[in-house]
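Colleague: Sequence:
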Amino acid sequence: MKELKEFTIPFVGLKIGKHNFDFEITKTFFEHFEYEEFNDVNVKLDVVLEKKTTLLEFTLDFKGYVNVHCDITNEPYNQEVVGDYHFVVKFGDEFNDENEDLLIIPHGSHEVNIQQYIYESIVLAMPTRRIHPGVEDGTLDSDILKKLEELSPNGKEQENASAKPETDPRWDKLKKLLTDK
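Just so you know, the numbering used here puts the end of the sequence shown at 209, numbered straight through with nothing missing.
If you are wondering where the hints come from, they were derived from the structure by calculation, not from laboratory data. Relax, there's no trap hidden among the hints.
Calculated pairs, SDA-like style, for lysine to any residue (alpha carbon to alpha carbon, straight line, at most 20 Å):
#1 Lys-79 / Ile-37
#2 Lys-33 / Lys-55
#3 Lys-91 / Gln-107
#4 Lys-55 / Asn-67
#5 Lys-174 / Ile-100
#6 Lys-80 / Asn-141
#7 Lys-91 / Asn-67
#8 Lys-80 / Asp-129
#9 Lys-118 / Gln-144
#10 Lys-30 / Glu-148
#11 Lys-79 / Asp-129
#12 Lys-79 / Pro-134
#13 Lys-30 / Pro-134
#14 Lys-79 / Asn-48
#15 Lys-46 / Lys-79
#16 Lys-118 / Thr-87
#17 Lys-204 / Glu-194
#18 Lys-55 / Gln-107
Generate coordinates for the entire structure from the input sequences, incorporating the hints supplied.
Modeller: Right, here's the structure in full:
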């Protein structure tokens, strides 16, 4: 996959200490990864790079919303996305990104691309079940919800059946033996 240049951070000219970078993540960022589950994206990303003598520490803090479809009604809504991610970049003989919290880049490198870490952080911050807030508080007026309620089992019949438990007549005969003494 081709690297997006805007997410490549050159660190050679930076002094030892903390450096801040700000990014706006939009839907085009996810289209680059061919990820099509988001209708719209508006996420603000703050990257803190702490340069040390032998390594680089990155902290990604993001906050915003992602427009997705509800799993129940398929209605689009804005899902809030908030999170952070920390990882370390060290220098070694060859490139190695097998460890999720440690990136090893070759000696002599002068920049690091963080687009994969941004992508994974935001996608993993999404809830596994996406439910429209209107479904949870009952304010959403949707044809699909009406149809689901229409097809759901009738709760009143189940309540009446549970109020009068039916017993086996053989047990009733045995109970009568106890009271006839």
